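Visitor: Go ahead and model the full structure; you've got the sequences and the hints to work with.
First residue of the sequence shown: 1, per our numbering; consecutive thereafter.
Treat the hints as calculated values from the structure; they're not laboratory data.
A portion of the hints provided could be inaccurate.
What the hints assert, rightly or not - Derived DSSO-like pairs: lysine-lysine, alpha-carbon spacing no greater than 27 Å straight-line:
| # | residue 1 | residue 2 |
| --- | --- | --- |
| 1 | Lys686 | Lys721 |
| 2 | Lys203 | Lys605 |
| 3 | Lys183 | Lys203 |
| 4 | Lys866 | Lys972 |
| 5 | Lys635 | Lys104 |
| 6 | Lys454 | Lys298 |
| 7 | Lys454 | Lys471 |
| 8 | Lys953 | Lys967 |
| 9 | Lys727 | Lys454 |
| 10 | Lys359 | Lys281 |
| 11 | Lys781 | Lys953 |
| 12 | Lys190 | Lys212 |
| 13 | Lys725 | Lys183 |
| 14 | Lys955 | Lys972 |
| 15 | Lys1080 | Lys1025 |
| 16 | Lys976 | Lys1003 |
| 17 | Lys79 | Lys789 |
| 18 | Lys781 | Lys902 |
| 19 | Lys976 | Lys775 |
| 20 | Lys866 | Lys955 |
| 21 | Lys281 | Lys190 |
Stated by the list, open to error - Between beta-carbon pairs, the in silico distance windows are:
| # | residue 1 | residue 2 | range |
| --- | --- | --- | --- |
| 22 | Gln1032 | Lys1080 | 22 to 28 Å |
| 23 | Lys972 | Tyr844 | 20 to 26 Å |
| 24 | Tyr497 | Asp632 | 54 to 60 Å |
| 25 | Met370 | Lys435 | 24 to 30 Å |
| 26 | Ser799 | Gly768 | 22 to 28 Å |
| 27 | Gly768 | Ala1042 | 42 to 48 Å |
| 28 | Asn411 | Glu341 | 45 to 51 Å |
| 29 | Tyr497 | Gly768 | 20 to 26 Å |
| 30 | Ser1059 | Ile1014 | 31 to 37 Å |
| 31 | Ala859 | Gly768 | 56 to 62 Å |
| 32 | Asn121 | Ala1052 | 56 to 62 Å |
| 33 | Ala1052 | Gln1032 | 23 to 29 Å |
No experiment lies behind these values; they were computed from the predicted model shown.
Note that the Cβ used here is the ideal one computed from N, Cα and C, for glycine as well.
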Amino acid sequence: MTDNEVQNGPSEEGDQPQEKTAKQLEKEAKKAAKLEKLKAKLDKKSAAPAVQKDKPEKKAKETKESAVYTANTAPGDKKDIAGAMPDAYSPKFVEAAWYAWWEKQGFFKPEYGRKSILEENPKGKFVMVIPPPNVTGSLHLGHALTNAVEDAITRWHRMNGRTTLWNPGCDHAGIATQVVVEKKLWREEKKTRHELGREEFIKRVWEWKEQKGVRIYEQLRSLGSSYDWSRVRFTMDASMCRAVTEAFVRLHDAGDVYRANRLVNWSCTLKSAISDIEVDKVELTGRTMMSIPGYEQKVEFGVLVHFAYTVEDSSEQIVVATTRVETMLGDVAVAVHPNDERYKHLIGKHLVHPIVKRKLPIIADDYVDMTFGTGAVKITPAHDPNDYEIGKRHNLPFINILDDEGKMLDNCGQFAGMKRFDVRREIIKTLEQLKLYKETKENAMVVPLCSRSKDVVEPLLKPQWYIKCDKMAADAIKAVKIGELKIIPDVHEKTWYHWMENIRDWCISRQLWWGHRIPAYRVTLPDQEVCCSAEGGSKTAPRRRHTRSGRAKSRRIRARGPRQSATPAAPTKEQELWVSAHSEEEALAKAVAKYKVPAEDIKLKQDDDVLDTWFSSGLFTFSIFGWPDQTDDLKAFYPGTLLETGHDILFFWVARMVFFGQRLMGKLPFKEIYLHPMVRDAHGRKMSKSLGNVIDPVDVVTGVTLEQLHAQLADSNLDPKEIEKAKQGQKQDYPNGIPECGTDALRFALCAMTQGRDLNLDILRVQGYRFFCNKLWNATKFALMYFPKDTTYEVHSPSLSSDLSPMDRWMLSRVALAVNRVNAGFASYDFPSATTHCYNLWLYDLCDVYLECLKPVFAAGTEEEKFAARRTLYTTLEYGLKLLSPFMPFVTEELYQRLPRKDASCPSICVASYPTDEDTPWRSEDLESDVDTVLKMVHLIRSTRSEYNLTNKQKTTVHLIIAEELKVAELKALFKSVQTLANSELSEEEAPSGCSILTVSDKIEVRLVLKGLIDPQKEITKLEKKKETLSQTISKLQQAMAADDYTTKVPAEVQKANSEKLTQSQGEIDRLQAAMETLKLM
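Guide: Next comes the structure, spelled out in structure tokens:
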């Protein structure tokens, strides 16, 4: 929209056709004649044969290739920096060779610089473990954010002199890894794992892990992450397996682990129970056809099927509704509310199941919502969490109708052996034939999908191992409430309490082969058969807030619904006949002692299931240090200091570490939990392959074209239809691909944006920090020219020399401010504040002001002034690089190594001391205020010069009019120090008439001499045109705003924009008028 357009609809006058003036008609006639002439010319040209003319070749625009490090440096040797600095910052050049040298030198080991890890360090220690990434994974932006934040914290602690350990590792990722290897096996050999056998399959997984598993470590190194790689752990390492076995046996012997037959999240495709975090809850607003693995036709969801049951020995019917009509084969009752007048007379009677001829009692239960649907609810205890609880309350049978693959069992009559969703279609036809089908209605619902297989999750009754969580949860709540454990940001405490107060016992069994096999042995005694009890669990089971039919429980019902007992019911035969042990020999000895039976009469079989991956991850903070052995590492590094991770796994991982730490070690595993936000795209959308917005951090570091991004989609597992949609998303967000930004810029950007629940990553902002790296590079390169060859320097001591100039003192004051705020930012996990103060120090204080002020000093200053300036400049560079180093390790190392350091004893910026308030007690707020005042003068002068189009060669003379009560001499002296920034020179003479008057404040005025530099009449004409345009804009705005219906018809945001534009335009007219008055005096 131009200045002449008003931001609402056309005026009433504008809607009417206007009569054209003679002048307008003449103009249009001339235009038509011109067009006619042009048409004739083109026609003639098209009729003539084309003649090829030799055109001069266009010169291709020269693009300078980024510098690349070419020195012959062996891996682990120190980088050769003897050559000249490249002209511009190049991430490829800067990031080469440093990491291998850091690692070889042992800078990242806690032993560095000390005799023993058990040696007391007066500065303290810092210990943190990696949230172990899945071995199947490649680096994604979540990893990049985690590593950027964690490495910055770790490097800051290390540079502050603390004994520092950041321990790396990798998770075996049970389900994810098994799925990948199974797919590979089928793709390459057309075999299933069952055809291969357990032992051979596990061998293949290890082979795959050895080939692919190192990739994630290489990527972590590429991010500059300062892990102690000598302590790297994989959750399936022998030492880790030993710790897992020990933990299970201890917990089982103590009664914290028990076996029960309960509903679990079952994936029919994986044939395994899965955890809640592996269930994606897909919300549907109504009828939806979904593609389900193993089915050629799409399956219908988001509907309620209404059908009737007939009362025994009667023609009366009760209509029920369900979203999973196939589960009616497992119905054992119909529940109604005890106060529902419609059904009171039927309570206690029976209904007849039309297919399996089972008798279904009509029961009364407060759970039923009389107002929802028909007020009657079908009860399937073996396939619905809410029905499970009703089943237990009313002592109903638990009838399972599905096998592990999701096929109907023999108890399903004519549907036996059929797949569950095929039955969904067929059973409606049967009900129609029986005249029992009523209708199908659309219904909003949530469909639980397995995140790995995309199959619909089924609640199935399975005997599984559980951990009692009530006592551990109570201890975890207490730790946070009394301040022993701090959660940052504290908004997440509410989530912590919610999870802990509503804790359910944790199902730790998984029906997989890859993982920690459960060290429990089933005991068979002579003449004793072990049967599986359907009721071998606690008295209650996990409750869902919503039923699978889509109906929500009332708050009243939820509030008084039964809590799950943490203690299992009286042991069943099956529970009694299990022992846990470190080996089969130990299991046999335990069984002999427990059952008083000779060893030769006992048969043992180890459980085929493996433990939930989160079990081993929960032990990570101490299993990595050799527990259960009391190693030096365990003594030195447990408990840790901090746990940093994303807020999405607060319960699934963080809480379990707290549980196990307190239960098995008697101590919390860390003192603080810092939870970073979730990475989203620039539009705030979740990262999704189908949207085409998933960004590989490596692509941001090295750059990638749009075509390469498209090619990555072709190699993915996306559906062909989704690929096209994803390509459009990529084209919209990255029309020119992603530019090369480098590791330092990516890390800095991620830390700078780390606040709130979500981080919307804008690649342009990352690129902006890449330009900042270039600014750093050029500033340091330029500054180094001021240091004569073979001279060395050291930073200023805390007590400053009296011969420093005010601008030297100002620069050191700004360094002191940055040191204070950056350290405070790290201490409080306020990374945006820390990065902002680093950025401001370099860009605004050093580059924009101080380096410019030094030019006249080095051109015409005394030797004393030059020496003071050099030392101040050196101090700013060294401290500035150290402040930035935790965020940008590569570029700061490269530049630090090039500083003319007097004390060269510190080999690397990684292990250099971080600046502190004690090192920099130089803050002077008064001086900073005075410099701010003169910089305001500079800004006004530059703006005015710009308005009059003055070039840099045209110097202006300045006269300052300052009230006597102010520090006149000091302010004038400061202005002289910075006057080069304004391309001006301060004059002490009286200001001539015709100066441009610039008001700084009510007590300071700048008079800028423009006479002789500009043509006043020409400038007045130019300004009058501007004024006329602005006047028209103001007139149109005022006219629009005066309309009677303006406040009611025009949107509020448009009204606000119009008001702002009117104020701005009026202010601009006032400035133009003042400028014209000044010009008239010249």
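Visitor: Is Lys183 within 27 Å of Lys203, Cα to Cα?
Guide: holds (16 Å)
Visitor: If you check the beta carbons of Tyr497 and Asp632, does the distance land in 54 to 60 Å?
Guide: violated (37 Å)
Visitor: So if I understand the rule, the pair passes when the alpha-carbon distance is 27 Å or less; does Lys203 with Lys605 pass?
Guide: holds (22 Å)
Visitor: Would you check the hint for Lys190 and Lys212, treating anything up to 27 Å between C-alpha atoms as holding?
Guide: Holds - the C-alpha atoms of Lys212 and Lys190 are around 21 Å apart, at most 27 Å.
Visitor: Take the C-alpha atoms of Lys953 and Lys967, compute the straight-line distance between them, and say whether it is at most 27 Å.
Guide: Answer violated: Lys953 to Lys967 is near 31 Å, above 27 Å.
Visitor: Under the criterion that the straight-line Cα-Cα distance not exceed 27 Å, is the pair Lys635, Lys104 satisfied?
Guide: Given that 27 Å is the threshold and the Cα spacing comes to 26 Å, the pair holds.
Visitor: Do Ser1059 and Ile1014 keep their Cβ atoms within the hinted range of 31 to 37 Å?
Guide: For Ser1059 and Ile1014 the Cβ distance comes to about 34 Å; the hint holds.
Visitor: For Lys955 and Lys972, compute the direct alpha-carbon distance and say whether it is at most 27 Å.
Guide: Holds, at roughly 18 Å.
Visitor: Take the C-alpha atoms of Lys866 and Lys972, compute the straight-line distance between them, and say whether it is at most 27 Å.
Guide: The given pair, whose Cα atoms are some 21 Å apart, holds under the 27 Å limit.
Visitor: Within a Cα-Cα threshold of 27 Å, do Lys1080 and Lys1025 meet the stated pairing?
Guide: Holds - the C-alpha atoms of Lys1025 and Lys1080 are around 16 Å apart, at most 27 Å.
Visitor: Measure nothing beyond the straight line between the CA atoms of Lys976 and Lys775; if it is 27 Å or shorter, mark the hint as holding.
Guide: Answer holds: Lys976 to Lys775 is near 26 Å, not above 27 Å.
Visitor: Is Lys976 within 27 Å of Lys1003, Cα to Cα?
Guide: Holds. Lys976 to Lys1003 sits at ~19 Å (cutoff 27 Å).
Violation of the numbered hints given earlier is confined to hints 7, 8, 10, 21, 24, 26, 28, 29 and 31; the remaining hints are satisfied by the structure.
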